[in-house]
Amino acid sequence: MQIKLFTISTLFVLVTTGLFSQDVLQWRGADRSGFYHETNLLKKWPEGGPNLLWEIDSIGNGYGSPIITPSVIYINGEIDTISYLFALDRSGKFLWKAPIGKEWTQNYPGTRNTPTIVDDLIYVTAGLGTVACLDAKTGKKRWSVDMVTDFHAPMTRFGFSESLVVNGNDVYCSPGNTDTNVVALDRFTGKIRWICKGLGQMTSYCSPLLIKLPERDILVTFSKSALLGIDTRDGTLLWSHKQDGEGDVHINTPLYENGFIYYITGDGNGSVKLKLSADGKEITEIWRNPVCDNTMGSFIKLNDFIYTASYGRRYWYSMDANTGKITDSLKFDKGVTIYADGMLYLYNEKGQLGLIKPNGPRMEAVSSFKVTRGTKAHYAHPVISQGIMYVRHGRSLLAYDIREK
Amino acid sequence: MKTRLCLFCLFLSLASGLMAQELTMDEIMDKYYQAGRFDKLQQVKTIIMTGTLVQQDLMPVKIVRVRPDKYMMEFDVADMTAYQVFDGQTAWMTAPWTGNAAPQVLPPERAVDLKNRSDMDGVLYQWKGKGHTLELAGNDTVNGFLVYKIKVTRKDGGIEYQFIDQKGFLPLKRLSYRKAGGKEVPVENYYRDYRDVEGIPFAFTVETNNAGRINEIQFESIELNKPVDLKIFSLPEKK
Numbered sequence: 001m002q003i004k005l006f007t008i009s010t011l012f013v014l015v016t017t018g019l020f021s022q023d024v025l026q027w028r029g030a031d032r033s034g035f036y037h038e039t040n041l042l043k044k045w046p047e048g049g050p051n052l053l054w055e056i057d058s059i060g061n062g063y064g065s066p067i068i069t070p071s072v073i074y075i076n077g078e079i080d081t082i083s084y085l086f087a088l089d090r091s092g093k094f095l096w097k098a099p100i101g102k103e104w105t106q107n108y109p110g111t112r113n114t115p116t117i118v119d120d121l122i123y124v125t126a127g128l129g130t131v132a133c134l135d136a137k138t139g140k141k142r143w144s145v146d147m148v149t150d151f152h153a154p155m156t157r158f159g160f161s162e163s164l165v166v167n168g169n170d171v172y173c174s175p176g177n178t179d180t181n182v183v184a185l186d187r188f189t190g191k192i193r194w195i196c197k198g199l200g201q202m203t204s205y206c207s208p209l210l211i212k213l214p215e216r217d218i219l220v221t222f223s224k225s226a227l228l229g230i231d232t233r234d235g236t237l238l239w240s241h242k243q244d245g246e247g248d249v250h251i252n253t254p255l256y257e258n259g260f261i262y263y264i265t266g267d268g269n270g271s272v273k274l275k276l277s278a279d280g281k282e283i284t285e286i287w288r289n290p291v292c293d294n295t296m297g298s299f300i301k302l303n304d305f306i307y308t309a310s311y312g313r314r315y316w317y318s319m320d321a322n323t324g325k326i327t328d329s330l331k332f333d334k335g336v337t338i339y340a341d342g343m344l345y346l347y348n349e350k351g352q353l354g355l356i357k358p359n360g361p362r363m364e365a366v367s368s369f370k371v372t373r374g375t376k377a378h379y380a381h382p383v384i385s386q387g388i389m390y391v392r393h394g395r396s397l398l399a400y401d402i403r404e405k
Numbered sequence: 001m002k003t004r005l006c007l008f009c010l011f012l013s014l015a016s017g018l019m020a021q022e023l024t025m026d027e028i029m030d031k032y033y034q035a036g037r038f039d040k041l042q043q044v045k046t047i048i049m050t051g052t053l054v055q056q057d058l059m060p061v062k063i064v065r066v067r068p069d070k071y072m073m074e075f076d077v078a079d080m081t082a083y084q085v086f087d088g089q090t091a092w093m094t095a096p097w098t099g100n101a102a103p104q105v106l107p108p109e110r111a112v113d114l115k116n117r118s119d120m121d122g123v124l125y126q127w128k129g130k131g132h133t134l135e136l137a138g139n140d141t142v143n144g145f146l147v148y149k150i151k152v153t154r155k156d157g158g159i160e161y162q163f164i165d166q167k168g169f170l171p172l173k174r175l176s177y178r179k180a181g182g183k184e185v186p187v188e189n190y191y192r193d194y195r196d197v198e199g200i201p202f203a204f205t206v207e208t209n210n211a212g213r214i215n216e217i218q219f220e221s222i223e224l225n226k227p228v229d230l231k232i233f234s235l236p237e238k239k
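Line by line, the protein sequences give chains A and B. Last residue of the first sequence: number 405 in this note's numbering, and the count goes up by one each step with no gaps. Last residue of the second sequence: number 239 in this note's numbering, and the count goes up by one each step with no gaps.
Treat the hints loosely; a few may be bogus.
Here are the simulated BS3-like cross-link-like pairs (lysine-lysine), alpha carbons at most 30 Å apart as the crow flies [to be verified]: (1) K191(A) <-> K281(A); (2) K128(B) <-> K167(B); (3) K226(B) <-> K183(B); (4) K151(B) <-> K370(A); (5) K281(A) <-> K357(A); (6) K301(A) <-> K281(A); (7) K301(A) <-> K331(A); (8) K45(B) <-> K183(B); (9) K405(A) <-> K44(A); (10) K370(A) <-> K167(B); (11) K331(A) <-> K62(B); (12) K370(A) <-> K179(B).
Don't read these hints as lab results, they were simulated from the structure.
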């Protein structure tokens, strides 16, 4: 009986997970983990890098990544202080562009989030506080709210930067006001579903994580000096985890796996592992490692090891996920990490893309090349879809063929 | 045995110090000119240096020099491009992170540094002709290397120190001063990773300690005698 129940529940989880990943395209892959479930990719790049299939250089300023359906690429960019959502076909030809709202231009000017697409609707934000839902086919706006005027959001130091989470009929945003800290909106109408006061702290540029437990779903995000766990049924704050740092920049999306939450923040506690209780109502700190202090390049957890860059030291590190101890280091400055088909893809702030083989506790550098096209800082997280690696560098989107021939 | 070894090392370092002191300023300069291949450098009309400015962020940086006196540094702060320029007569800069992207002409006291940077050969080459005076201020060490410490009193009255490697005769450090809040604030530049570019040695890494604020420029390419559009040095017209 136990076996039957286990099998059925496992099957249910697999089916629902499958549906979830089919229906939602978002920041850092289907589950925000940085994993791209691709096969037959190059295990070594030719000198100078893989073949550049095409480049478009007119998507506006920005740091957000594209999301890619079988036929359309969506990416946002800032032109003359306005944030636009662009739709391109898979060869990089423009289909349409839609204005979202005023964009952040005071420092690091440009769009700073990745769209989320669910079925035929797209959810985006703009740096000065717009949250919008658009028709994915036409770009026509369904609804929008302004977090500053509607929710009295205080302006941040670097603009609103959240890549939105959608869950069922809800979409969540983080105005960061004392009364309206995190807000759930009906994703079809934009009406408020619930408001969480959190700890009353400013928002901290995090793109949240959604944890689905049998008993409840939990939205995990950061405010200025704490990680927050929020019950998505009614916005109840379940728990928080204090950050010891002085800063307010906690960009990286946390990760949940088998009862444990992992997060890395450069302005707070560094790398941390928490145990989440089965009902999701409690957390217990297991370890922390202040050396691995990645600020916005995220991390990859593969089996028992975590791979990430240290922003203070400008090295890449592998860590034992059970102990938090560093097991290897690699000199490759600092930046972004994603994973596909057995390989880590590192994109550092000097514009170098590295192909690294993760070998348990070790990292083996295989190939690298420099992205010489595009503009401004190399911050955007690469995306891999159908054997093509998409790299955004400022106003340019570059498509590299990384298929094994 | 240990004491003997220490005495021997002390003797060696004193002897090398004494030997180093024996060179005259002209002899040191001759060796410096040879090591820096100033004979070749005189044939260079333009230098374009591109790389990364490493602070908290890693941001692109580009430095362009054109003989006899044009200098431009293009660099990014908070991913916004800024300029520091000397066009041969006027020094100007932009600082978009302040909220004002308009170019500002620098007053004479602030223009000095940019004007000095426009001298492709540096302050030591033909120093007499340039109206500077040099004085050997003794021996020193920079990152473990024994160096000549040379005090430079520039024609403009400014004082700086150059630290020349006693073996390789290339500069390893520069100490200068800038005025801030009515005080003289020290600025240290450290030169590392010398590589030959068309037979001329260039430091590919320059670390700057500006009153405790440290940054580093890591050059990825240094190109000589490439065409440069002189318009890049001109003060942009106000819009």
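Evaluated hints:
1. For the proposed pair K191(A) and K281(A), the alpha carbon gap of about 27 Å is at most 30 Å, so the pair holds.
2. About 24 Å separates the Cα atoms of K128(B) and K167(B), which keeps this hinted pair within 30 Å; it holds.
3. At most 30 Å may separate the alpha-carbon atoms for a hinted pair to count; K226(B) and K183(B) exceed this at roughly 40 Å.
4. Simply put, K151(B) and K370(A) have alpha-carbon atoms about 42 Å apart, too far for the 30 Å limit, and the pair is violated.
5. For the proposed pair K281(A) and K357(A), the alpha carbon gap of about 37 Å is over 30 Å, so the pair is violated.
6. For the proposed pair K301(A) and K281(A), the alpha carbon gap of about 24 Å is at most 30 Å, so the pair holds.
7. Of the supplied pair hints, the one linking K301(A) and K331(A) holds, its CA atoms being roughly 19 Å apart against a limit of 30 Å.
8. For a cut-off of 30 Å, the pair hint linking K45(B) to K183(B) is broken: about 37 Å separates their Cα positions.
9. Between K405(A) and K44(A), the direct Cα distance comes to roughly 12 Å. Compliance with the 30 Å bound is thereby established for this hinted pair.
10. Restraint check: the Cα-Cα separation between K370(A) and K167(B) comes to about 36 Å, which exceeds 30 Å; the hinted pair is violated.
11. Distance hint between K331(A) and K62(B) is fulfilled; the C-alpha atoms sit about 24 Å from each other, no more than 30 Å.
12. The hinted pair formed by K370(A) and K179(B) fails the criterion: a straight-line CA distance of about 39 Å is larger than 30 Å.
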